[in-house]
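K.L.:
Here the protein sequences line up with chains D and V, keeping their order. Residues are numbered in our numbering as their position in the first sequence, beginning at 1, plus a constant of 725. Position 233 of the second sequence, counted from 1, bears residue number 217 in our numbering, the numbering being contiguous throughout.
Just so you know, nobody snuck in bad clues.
Label-pair distances were calculated between CB atoms; the ranges are:
(1) D/Ala780 x V/Val36: 50 to 58 Å
(2) V/Val36 x D/Glu835: 39 to 47 Å
(3) V/Glu146 x D/Thr777: 47 to 55 Å
(4) V/Ala253 x D/Pro829: 32 to 40 Å
(5) D/Asn893 x V/Met28: 35 to 43 Å
(6) D/Ala738 x V/Leu71: 45 to 53 Å
(7) D/Thr784 x V/Glu146: 56 to 64 Å
(8) V/Leu188 x D/Asn893: 53 to 61 Å
(9) D/Glu835 x V/Val192: 52 to 60 Å
(10) D/Ser913 x V/Ile184: 51 to 59 Å
I should point out that these hints are in silico values taken from the structure, not numbers from a laboratory. Just so it is clear, CB atoms sit at the ideal spot from N, CA and C, and this is done for glycine as well.
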Amino acid sequence: MIEAVGLTKRYGAKAAVYNLSFQVRPGAVTGFLGPNGAGKSTTMRMILGLDTPTAGTVTIGGRPYRQTPNAPRQVGALLDAKAVHGGRSARNHLLSLAQLSGIPARRVDEVLGVVGLQDVARKRSKGFSLGMGQRLGIAAALLGDPQVLLFDEPVNGLDPEGILWVRNLMKQLAAEGRTVFVSSHLMSEMALTADHLIVIGRGQLLSDMSVKEFISANSADFARVRTPDTEPALREKLSSALSGAGGQVVPEPDGALRVMGLPLPQISELAHGADVRLWELSPHQASLEEAYMRMTQGAVDYRSTADQKAGLMQQPQPGFGPPPQIPEVPQQGWYAPPAPQPGANPYLGGQGPAAPPAAPPAAAAPPAAPPAAPADLTKPEDAR
Amino acid sequence: MTTPYQQQGTPAATYSSPIPVRKAHLGDALASEWTKIRSVRSTMWTLGVMAVLMLGIGILAAVTVSAADADLEGEPVLFLGFFGVLLGSLCVMTLGVLTIASEYGTGMIRTTLTACPSRSRVLTAKAIVYFLLVFTVTFVLTLVVAALQVAILDTGAAPTTEDWVRATFAVSLYVALLGLLSLALGSLIRHSAGAITVMIGLVLLPLVMAMFMYAESLRTVQESLLEYSIPSQLGVLYDNSVAESGPQGWEPVWIMLGVTAVALGGAYAALNSRDV
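Could you build the full structure based on these sequences and the hints that come with them?
P.N.:
Now the structure itself:
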């Protein structure tokens, strides 16, 4: 079991990980999710005693990693697939690690078979593809047949078959009673692999719950209702009828209505009762990906003012800015379920009670990306 | 977030490996480092170049002197090995730095320190393996070169045992310590090119600086720079009679031992306290 308590790591003014507390239990695959630069790898390095936490502790089986007896037999880790000397053959790489850990040399050939690299075992790892490198890293993690396994982005660079293999391997390892801790920035991957999710953003804990709970808590169903464009009055009529029946109605920029809290047949009945014709009545389910994006974007929003002051913090890595929902704006169905306060939807335009259209996203966008944000904001207005 | 895992049921029996667990020790780390150093090409290349340089230059010098029929009066024959060793030591410094800095360059150091959380053990194993490797290679090469030179230059005054020991054993010790110093610097600087540059600077800079110190007031500085520069100290091991001041006899070895010990101590302290 891995247990972190108040884990904090600062690099100068920047807190890569801040006050992170979680537990990773045996017998389950625990996904560790967060956007790039959220602090996943830093946390993994602290778990392995490679980086020293600024504050807080992290233990494996009750002890810090560096004080664990026979550590490589207890814990195996894949941190970085490229962290091998390119001039050394796969077999010699694993052999040196096996010797260092006091593991019999024949175990090397076993794990090479497990990851399917036996044919290239004597080739220099410089020529390996990223996928082969990942397999070599997984082999190194499995070498000690350990009880606790850490994988940092194990599916990066793998082909679909490889991804399936990793997925099944993780599940199998967990079923054997091991602790499996897998980091990823792909929610879709984790939804298939993990039993439990720990989500961090900007180094802080956002969510710690089982995948089932995460799904029920975050995926809101809604119906999209479209009235004839030619008669705006019908829309107002239907909107008030639905609201009166207890539904939550949010107008969408292209004139459709998003209805939550009412089943489809009831919406149809209400429309019929109000004598409103419908052009569209369709069910929609927000994906976990959308829920995850909203969650992590919330973390960005939450700390954006502090960012602007710190100067260096704003863009640790490219692609760190607001989630890439922007190109999908003109299409339908791009919406994540609305954030709790309806007024915050910037696309309400004049209809929303208190919505200066551009204000919230402009504040949220990091200052380093000003050309992107205004351009995107104009799109829905054009569409209207 | 309050009660995670309430649906997990009974906590599964934790896994225990069927492979017998035994405590790893320094011997395991030595075996591992030996595997590492023998399985990369840079080892073969640098040591191969070193062998070629030492043998080639050593024999060439002896043949040239022999052909010119030059008078070696006062000069011990074994001194001819000096030039080869001086150039060969560049290879030793390069490989010493690469042995540890390449692990930082590739990120392999994280894998290594995950497999062996005792960082001192890793550095100790690296130091022992590299020191013994360089010492053995240099000792064999200096012996061969010295024997060839004595055979080619059939002069009257045969070198004494003391000369032999100093020109082979002491020189090998000095070169191996130089390699260890490079390894320590590589560990401190963690960057191959940077550490190699520093090491070459350490060898050449005192000589170059001394060249430009014409001022009378700097005379003593210039002299000590010349006397304590690494090439001069290496020369002292071959020929005791040249210098009136500065290191004498085996002193260069002890000086290098002290410097290397300090650098290695710093490397241990840094490795144990730094993030990798």
